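Participant: For the protein sequence lines, the chains are A and B, in the order given. With the working numbering, letter number 356 in the first sequence gets 414, and the count goes up by one each step, no holes. With the working numbering, letter number 340 in the second sequence gets 398, and the count goes up by one each step, no holes.
Just so you know, the hints here were simulated from the structure itself, not pulled from any lab data. Don't take every hint at face value.
As the list claims (entries may be wrong) - Which bits of chain B does chain A cover? Going by a derived footprint, with three or more residues having C-beta under 8 Å, they are:
{"hint": "1", "segment": "137-147"}
{"hint": "2", "segment": "355-362"}
{"hint": "3", "segment": "416-422"}
Said to hold, decoys possible - Residues on chain A that point at chain B, a partial pick, calculated with CB under 7 Å:
{"hint": "4", "residue": "Arg124"}
{"hint": "5", "residue": "Ala135"}
{"hint": "6", "residue": "Glu348"}
{"hint": "7", "residue": "Ala446"}
To be verified - Derived SDA-like pairs (lysine to any residue); straight-line CA-CA distance at most 25 Å:
{"hint": "8", "chain 1": "A", "residue 1": "Lys142", "chain 2": "B", "residue 2": "Pro233"}
{"hint": "9", "chain 1": "B", "residue 1": "Lys66", "chain 2": "B", "residue 2": "Arg184"}
{"hint": "10", "chain 1": "B", "residue 1": "Lys288", "chain 2": "A", "residue 2": "Glu188"}
{"hint": "11", "chain 1": "A", "residue 1": "Lys66", "chain 2": "A", "residue 2": "Ala260"}
{"hint": "12", "chain 1": "B", "residue 1": "Lys288", "chain 2": "A", "residue 2": "Ile115"}
These numbers come from a predicted model, not from an experiment. Idealized CB from N, CA, C, for every residue including glycine.
2 protein chains.
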Amino acid sequence: MSGRVTGKLLIAQGGGPTPVINTSLYGALTQALGAGCFDAILGARFGITGVLHESFIRLDAQSSDRIAGLRRTPGAALGSCRYKLGNADYSKVLDVFRKNDIRAFLYIGGNDSMDTAHRVHQLAQREHYELFAIGVPKTIDNDLACTDRCPGFGSAARYVAQSVRDVGTDVRSLPTPVCIVETMGRNAGWLAGAAALARTDADGAPHLIYLPERPFGPGKFLADVDAVVKRLGWVVAVVSEGVRLENSEPVYASTGPTQADSFGHTLPGDVGAYLAGRVARELERRSRSEKPGLCGRSSMLHVSPIDQADAEQVGRAALDAVLAHKSGAMVSLLPYEPGAAPSTRLVPLTDVANTERRVPPEWIAPSGTDVTQPFCDYVRPLIGPPLAEYARLA
Amino acid sequence: MSGRVTGKLLIAQGGGPTPVINTSLYGALTQALGAGCFDAILGARFGITGVLHESFIRLDAQSSDRIAGLRRTPGAALGSCRYKLGNADYSKVLDVFRKNDIRAFLYIGGNDSMDTAHRVHQLAQREHYELFAIGVPKTIDNDLACTDRCPGFGSAARYVAQSVRDVGTDVRSLPTPVCIVETMGRNAGWLAGAAALARTDADGAPHLIYLPERPFGPGKFLADVDAVVKRLGWVVAVVSEGVRLENSEPVYASTGPTQADSFGHTLPGDVGAYLAGRVARELERRSRSEKPGLCGRSSMLHVSPIDQADAEQVGRAALDAVLAHKSGAMVSLLPYEPGAAPSTRLVPLTDVANTERRVPPEWIAPSGTDVTQPFCDYVRPLIGPPLAEYARLA
């Protein structure tokens, strides 16, 4: 394997940002600058759509301050997208790569981005264009296959756990008995389940957790809420934005022609607000909902150091894979080992693209409203240092 | 003025918690323990309702760890309430005070709590029961009259400003063009306006701010949003939960018989979610909303040191007022002076109770969708150190 690649390196970011998506960019970019073998290091503006429009910036011309600042900056510093390429688009991508002599392509993203990277890799192979295309995992949803965990999840999970602990402390002290916290997670309940780490005592929040892996019954939900309020006087219920009815329809869907992206994924509706309304009307209990939403994936105050180390390492490893002339692979994280630096391997993009890793059935409590101890044992180290602990008067 | 009070001291907390409501409790309690003159120091569980039920805890029997922990604990450590006392209730309160020889009463709360403290004071006077009743200001809404600022506001304003900056960084990097952030603030726009401190550049978030001080026109809102998207490609609009139509009706109300408290205040509806739906349907633009809600008043990571110093000082000053045999007054903060410890005076509760301080007209921009420089100059020091600054690639 050569340690050099001729031509240009292109890095892009796709899908929803995470608190550490730019740390992966930082890892890949600093590794590439250190390798010193590329004719240029480009960044695509707004993901793959920037490739189509040849909208590039020079990453090798950024100041060291800007580069260092990536590690503490939320959002996608290059801009991101949710655009599904058609066949003609893929040809255009390859034309742009040829024209610009782009020979290495790192795509930092989730399932959809891995699919895009995979297809670009396949087309380049078919057309005998030498290209090293590597996927860099990123998603707060933690739903990429073939990796122990996804960079972005640990920090977003920390946000969920700390916020539910905070909100629980507030609700417990007040006479509004019902609080519903909506978490992100389109199809997987990893983030909703992470709320379980908020608990400080047997009666503490959260009392109920609803994951999209289980069909959601509004009637059962109302009965669950009522039972906890009758027992404790208050309840914090955590509901994933992605919960669906028995018939697979969303519990509450956004309406409007623009609410689906070109992958066909609908923007989830405000299910927490909807359910709080039903609690107020049908249970006649004072009820409110919280939807921190984007706050939870853009708050740098909740970054998990382990998650950040993962994010940087997958960026570095992706660049190393390019230098080793690999293509059509994603960097995958091996299981977490306390105290050890994150270690990675490469997995074929074909195994990752368009599959989703959901919470396994044995990690969901039989009640369907909680996660099990092994789930918590898996998530706890990923969220970093212990959460803030609060005083309770005796 | 005597430096001693015979009998017992009672402390209670009312209304919505703030990140520093327990710091005021800490200030009052440690000052009282230092004074060493009370037969006992009691805390009422769940505000004035705890008085009615004689549900007290011994604050002078708490461990020093627990007392020190109050400064870093959200929620109302004593429990809080939203209960409007009737005439019979007031007599009951005085009976309980008599029975327990409670001679000093500190109520940490907002407008409604100040009204309650005021009426208890009046009744004690009428019935010639010696009682020193002092109000301790507390509200994230910053809407108490006769004080420069309210403890709790600075930290909640820091949360709003930092979160809108975070969310803005996320939205700017993505193709979902419209994001609506709903802030707390039932009748006053102080918190919504604080979002202006999030801005980092002329095109940065927030682009539109809607305060309850101005009638809200849904048609104008949609046009405002559309104009910003046409100009920049994205928009972050901050909307106070308390915005009302020209006819004073809420823009979007919670429904259900339990959504009003006994003061007649309705729990605000999810106006952000409602407006995001209208944007999607009527403007046909992809749109989402965030409602951090209780997260914003329970996140200890966003506590402003200045706000915390204020909170502790108003607690201490309230106890000092009791020792000086004052009653029927609230501790008021004098205008902020950089580098100086917070200074206070006493104001009559009668001037405070049931009045609201809203954002003055000259601090609202003529457009009705922004605040002016003097507003920002007032709020900026109160939120503490500069917000996190983020890198932008060139």
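Participant: Decide, hint by hint, whether the structure agrees.
Facilitator: Results of checking the hints against the structure:
1. 137-147: holds (count 5)
2. 355-362: Coverage by chain A holds for the segment 355-362 of chain B (6 residues, Cβ < 8 Å).
3. 416-422: n = 0 at 8 Å, threshold three: violated.
4. Arg124: 5 Å, holds
5. Ala135: Ala135 (chain A) check passes; min Cβ-Cβ to chain B is 5 Å, inside 7 Å.
6. Glu348: Since the shortest Cβ distance to chain B is 4 Å, the answer is holds.
7. Ala446: 6 Å, holds
8. A:Lys142 with B:Pro233: Between Lys142 (chain A) and Pro233 (chain B) the Cα gap is close to 13 Å, so the pair holds against 25 Å.
9. B:Lys66 with B:Arg184: Within the cut-off at roughly 20 Å; holds.
10. B:Lys288 with A:Glu188: 41 Å, violated
11. A:Lys66 with A:Ala260: Violated - the C-alpha atoms of Ala260 (chain A) and Lys66 (chain A) are around 57 Å apart, more than 25 Å.
12. B:Lys288 with A:Ile115: 24 Å, holds
Checked against the numbered hints above, the structure breaks hints 3, 10 and 11 and satisfies the rest.
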